[in-house]
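Chain order of the listed sequences is A and B. Numbers 62 to 488, taken from this note's numbering, label the letters of the first sequence in order. Numbers 62 to 488, taken from this note's numbering, label the letters of the second sequence in order.
Don't take every hint at face value.
[As the list claims (entries may be wrong)] Capping the alpha-carbon separation at 27 Å, the derived lysine-lysine pairs in DSS-like fashion look like this:
1. B:169 x A:404
2. A:406 x B:406
3. A:480 x B:126
4. B:404 x A:488
5. A:72 x B:406
[What the hints assert, rightly or not] Away from chain A, derived, C-beta distances all over 12 Å, residues of chain B:
6. 65
7. 95
8. 102
9. 110
10. 116
11. 140
12. 146
13. 147
14. 151
15. 166
16. 219
17. 222
18. 236
19. 325
20. 351
21. 461
[As the list claims (entries may be wrong)] If you anchor each label on the Cβ, the simulated ranges turn out as follows:
22. B:84 x A:65: 50 to 58 Å
23. B:83 x A:271: 34 to 42 Å
24. A:295 x B:95: 49 to 57 Å
25. A:271 x B:95: 25 to 33 Å
26. A:365 x B:84: 16 to 24 Å
27. A:332 x B:245: 46 to 54 Å
28. A:267 x B:117: 44 to 52 Å
29. A:487 x B:488: 41 to 49 Å
30. A:82 x B:83: 37 to 45 Å
None of these hints come from the bench; they were simulated from the model. Remember, it's a predicted structure, so these values are computed and weren't measured experimentally. Glycine is no exception: its CB is placed at the ideal position from the N, C-alpha and C atoms.
Protein chains: 2
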Amino acid sequence: MNIKEIAVIAKSASIRLAAVKTDVKNRALNEIARAIRQRSDDIISANQQDLSAAEKEHLPMPLLKRLKFDEGKITQVIAGIESLITLDDPVGQTLSAIELDAGLELYKVSCPIGVIGVVFESRPDALVQISTLCLKSGNAVLLKGGSEAAQTNRILTEIIAEASETAGLPRGWIQLLQTRQDVAEMLAQDDYIDLVIPRGSNEFVRYIMNNTNIPVLGHADGICHVYVNADADVNMAVDITVDSKCQYVAVCNAAETLLVDSGIAESFLPKVKIALEEKNVELRGCEKTAAIIDVKPATEEDWSTEYLDYILSIKIVDGLDEAIEHINRYGSGHTDAILTSDKDKAERFMALVDSGNVFWNCSTRFSDGFRYGLGAEVGISTNKIHARGPVGLEGLLIYKWKLLGAGQTVADYSGPDVKTFTHRKIK
Amino acid sequence: MNIKEIAVIAKSASIRLAAVKTDVKNRALNEIARAIRQRSDDIISANQQDLSAAEKEHLPMPLLKRLKFDEGKITQVIAGIESLITLDDPVGQTLSAIELDAGLELYKVSCPIGVIGVVFESRPDALVQISTLCLKSGNAVLLKGGSEAAQTNRILTEIIAEASETAGLPRGWIQLLQTRQDVAEMLAQDDYIDLVIPRGSNEFVRYIMNNTNIPVLGHADGICHVYVNADADVNMAVDITVDSKCQYVAVCNAAETLLVDSGIAESFLPKVKIALEEKNVELRGCEKTAAIIDVKPATEEDWSTEYLDYILSIKIVDGLDEAIEHINRYGSGHTDAILTSDKDKAERFMALVDSGNVFWNCSTRFSDGFRYGLGAEVGISTNKIHARGPVGLEGLLIYKWKLLGAGQTVADYSGPDVKTFTHRKIK
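All chains should be modelled from the sequences, with the hints used to inform the complete structure.
Spelled out as structure tokens, the structure:
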């Protein structure tokens with residue numbers, strides 16, 4: 062099958078999946094959990110093949126660790142599915158209801174988006190999470206995982222498809238793509254695919270954003286800032302800077318630039334330098350920073366670089382508004398924090414910084430679906446429409462308008478001496 | 062100024078506008094209403110220039126009528142502004158609030174999208190409606206109206222900008238583009254413009270959708286269907302078909318194709334033919350239709366044609382599922398109606414037809430922001446994300462996540478023997 066044929070089947074499955082009742086979807090989730098448990102030996106053995114191949118190709122240790130899918134991971138993904146079963150069905154919720162006139166009722170009702178294309182990194186557990194989130198929200202899904210995980214992804218998809226179709230889901234609601242070329246062809250299927258969610262490197266996400274007419278949900282850069290206002294608590298500022306930069310450097314919500322108010326620079330910078338250098342962070346500073354502490358000089362490029370590494374750029378600013386301006390100019394709209402004891406300044410920062418996540422006196426690393434209590438996360442969005450910040454199930458939903466009448470025509474409501482609308486809320 | 066400079070100014074204004082308080086926005090709306098009233102002579106005289114030019118170019122009468130901006134229209138747009146003032150501020154609403162842990166609170170708060178580019182048809186009242194909706198929702202706006210209305214649009218923009226900036230809004234939050242070339246350049250400003258709303262011909266909307274990386278909200282085609290199920294009330298079916306087709310043929314929610322169940326075709330078709338021919342509707346039918354009533358033959362192309370005229374294509378289908386399949390294949394996801402006395406069939410139709418608006422026993426012409434009680438409408442969307450169907454103020458909003466802490470780091474919540482999240486709802 063070519064990718065268009067795959068997409069056509071997914072579209073057709075998505076229509077039927079949208080109308081599948083809650084108990085059938087939950088039964089399918091149960092069957093999937095059961096089948097994953099039952100076939101765990103096959104899964105682990107497929108994963109062993111991927112791991113040996115990856116070792117032969119000398120994949121770095123962190124990648125190997127993410128690729129590994131063992132008993133522990135299997136228990137985790139099954140627990141995830143079980144918790145998904147307990148959630149209310151997000152489809153078919155009445156979001157608003159209004160009587161337009163007696164016997165003419167308008168309902169705004171949540172429904173699935175349709176067909177979601179997801180391109181994800183090498184963790185095979187992501188495949189299970191994403192596909193079961195799509196199932197619960199009634200969306201068909203085309204998946205493309207990292208090629209290192211090919212065998213594991215193949216068997217997981219097979220198990221999920223088989224178990225869910227036995228439970229009554231439409232054939233083809235979940236399908237796996239094989240190659241990068243498949244992804245390129247998927248991006249052209251805007252007649253059949255409604256949303257693409259890419260996860261992976263900045264370059265890859267940007268390539269997807271620039272090469273499709275399908276809406277894309279996600280983020281390329283994560284250039285996050287910590288701004289230390291003049292009245293910040295210095296010890297708190299040191300702790301939060303260290304956490305924001307170092308708690309996990311390779312992720313999108315790690316801080317890349319530290320903005321320091323000139324009023325606190327002399328007391329704060331020497332302390333934060335010691336704390337960061339203990340963690341082996343390389344510091345790059347503006348000229349004013351270099352006048353206070355010993356740092357490499359930062360260039361213009363540093364302000365728009367996502368290091369994803371033990372490197373931090375530092376800039377001294379004159380007051381809140383310069384910090385806000387810097388963030389809106391160089392940031393990526395992901396996550397930015399202000400450290401201050403002044404509520405008004407915090408509020409001004411959170412109102413004027415145009416980012417999906419704006420924090421006061423806490424670490425940028427909190428910007429995450431699990432920490433936000435959203436359950437599993439489909440990704441973090443820096444889009445300005447639909448869904449922003451960490452996106453859970455609700456990002457996979459839209460709504461339709463249902464109007465229930467008894468023969469009404471618009472002519473009855475047009476012109477002089479006609480019926481008028483009541484527009485009375487009924488929910 | 063070139064378009065990039067205009068967009069940069071709008072972006073900068075949008076940041077400040079996002080934080081403008083409700084009373085300042087309402088004062089600005091009041092000032093705009095006052096200034097439009099005060100300068101009504103200037104507006105009418107500018108409109109006279111546009112009208113004379115248009116008459117010289119022999120614009121068709123319906124276009125001239127839409128172009129006209131007289132005392133009546135002025136009274137209408139002022140009434141619109143006054144009703145907008147009475148609405149709650151949609152910005153700053155807390156959509157959810159959750160305590161992640163003691164002293165660490167997460168708020169999901171509504172906020173403006175940013176900079177909206179709107180391309181609209183020749184009605185100058187649209188300029189006032191759209192710009193005041195953007196103001197109330199805290200969005201900056203770049204406007205491009207029909208060139209026939211150039212003088213009217215120029216003076217209206219001037220009045221709105223002056224009045225609102227005097228009331229305290231940031232300079233450049235509203236700006237008018239002049240030419241089609243300006244629009245093409247606007248579409249390249251994806252660093253500064255967050256959403257484009259095109260209104261106008263199908264070809265024009267499709268051109269915009271295919272030529273920008275900025276998200277586009279709107280619709281190209283409006284291929285709407287009426288499906289008459291076997292158990293429909295024949296008289297109701299005739300009335301609704303006539304209304305859906307003829308009440309206003311030139312608009313997107315007028316029906317273009319009539320699907321008739323084979324079980325009712327012989328009783329229904331002759332009656333609907335008489336009623337439609339009274340309105341001078343040309344009928345084009347499938348072979349089975351032609352075997353019952355005298356119609357021109359419909360071609361494959363007819364099923365995907367939006368006539369916007371007194372023409373209706375007719376197809377006989379065998380049952381509900383064939384109707385659903387036809388609509389999902391040839392429709393545009395806009396508005397589709399089923400006529401049936403069977404609730405289960407209606408529900409199946411509304412669940413499986415993948416359109417923004419799905420109706421039971423009423424006319425497709427109800428699909429409209431005013432009739433839905435949304436107040437003014439920014440457009441009708443056939444998108445599958447963000448906003449669907451008639452879109453009012455809420456389509457101009459997104460949200461940001463605000464996290465308020467007291468020094469928390471993620472390290473405190475990571476690893477063994479650590480703090481755990483409470484995830485307790487606080488609203």
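Comparing the hints with the structure gives:
With a CA separation close to 18 Å, the supplied pair residue 169 of chain B and residue 404 of chain A stays within the 27 Å bound. Between the alpha carbons of residue 406 of chain A and residue 406 of chain B the distance comes to roughly 57 Å, so the proposed pair goes past 27 Å and is violated. Using a Cα cut-off of 27 Å, the hinted pair residue 480 of chain A and residue 126 of chain B holds, with the two alpha carbons roughly 26 Å apart. With a CA separation close to 21 Å, the supplied pair residue 404 of chain B and residue 488 of chain A stays within the 27 Å bound.
With a C-alpha separation of about 22 Å, the suggested pairing of residue 72 of chain A with residue 406 of chain B holds against the 27 Å cut-off. Its beta-carbon lying about 15 Å from the closest one in chain A, residue 65 of chain B satisfies the requirement of being farther than 12 Å from that chain. Every Cβ of chain A is farther than 12 Å from the Cβ of residue 95 of chain B; the closest lies at roughly 28 Å, confirming the non-interface assignment. Remark: the non-interface label on residue 102 of chain B is consistent with the geometry, its nearest Cβ contact in chain A lying 30 Å away (cut-off 12 Å).
Separation of residue 110 of chain B from chain A is adequate, the least Cβ-Cβ distance of about 32 Å exceeding the 12 Å criterion. At the 12 Å boundary, the C-beta of residue 116 of chain B stays outside the reach of chain A, the nearest C-beta of that chain being 28 Å off. Residue-level check passed: residue 140 of chain B sits 16 Å from the nearest beta carbon of chain A, beyond 12 Å. Against the 12 Å criterion, residue 146 of chain B stays outside the reach of chain A, whose nearest CB is about 19 Å from its own CB.
Every beta carbon of chain A lies more than 12 Å from that of residue 147 of chain B, the smallest distance being close to 15 Å; the non-interface claim holds. Against chain A, the non-interface label of residue 151 of chain B holds: every CB pair exceeds 12 Å, the least being about 14 Å. The beta carbon of residue 166 of chain B sits about 10 Å from the closest Cβ of chain A, which is not more than 12 Å, so the claim that it is off the interface is violated. Distance check on residue 219 of chain B: its Cβ is at least 28 Å (rounded) from any Cβ of chain A, clearing the 12 Å threshold; non-interface status holds.
Separation of residue 222 of chain B from chain A is adequate, the least Cβ-Cβ distance of about 22 Å exceeding the 12 Å criterion. Every C-beta of chain A lies more than 12 Å from that of residue 236 of chain B, the closest at about 19 Å, which supports listing it as non-interface. For residue 325 of chain B, the condition that its CB be more than 12 Å from all CB atoms of chain A holds, with the nearest at approximately 16 Å. With a least beta-carbon separation of about 28 Å from chain A, residue 351 of chain B lies farther than 12 Å from that chain, consistent with its non-interface assignment.
Distance to chain A contradicts residue 461 of chain B as a non-interface residue, since its nearest Cβ pair spans about 6 Å, not more than 12 Å. The hinted window of 50 to 58 Å between residue 84 of chain B and residue 65 of chain A holds, with their beta carbons roughly 55 Å apart. For the pair residue 83 of chain B and residue 271 of chain A, the beta carbons lie near 39 Å from each other, so the given range of 34 to 42 Å is met. Take residue 295 of chain A and residue 95 of chain B: their Cβ atoms lie about 52 Å apart, and the range 49 to 57 Å holds.
Evaluation of the 25 to 33 Å hint for residue 271 of chain A and residue 95 of chain B yields a failure: the beta carbon distance comes to about 46 Å. A hinted range of 16 to 24 Å is violated for the C-beta pair residue 365 of chain A and residue 84 of chain B, which are about 38 Å apart. A C-beta distance of roughly 53 Å is found between residue 332 of chain A and residue 245 of chain B, which places it inside the suggested range of 46 to 54 Å. Taking 44 to 52 Å as the suggested C-beta distance range, the pair residue 267 of chain A and residue 117 of chain B conforms, at roughly 50 Å.
A beta carbon spacing of about 24 Å between residue 487 of chain A and residue 488 of chain B contradicts the range 41 to 49 Å that was offered as a hint. Evaluation of the 37 to 45 Å hint for residue 82 of chain A and residue 83 of chain B yields a pass: the beta carbon distance comes to about 44 Å.
The earlier numbered hints that this structure contradicts are 2, 15, 21, 25, 26, 29.
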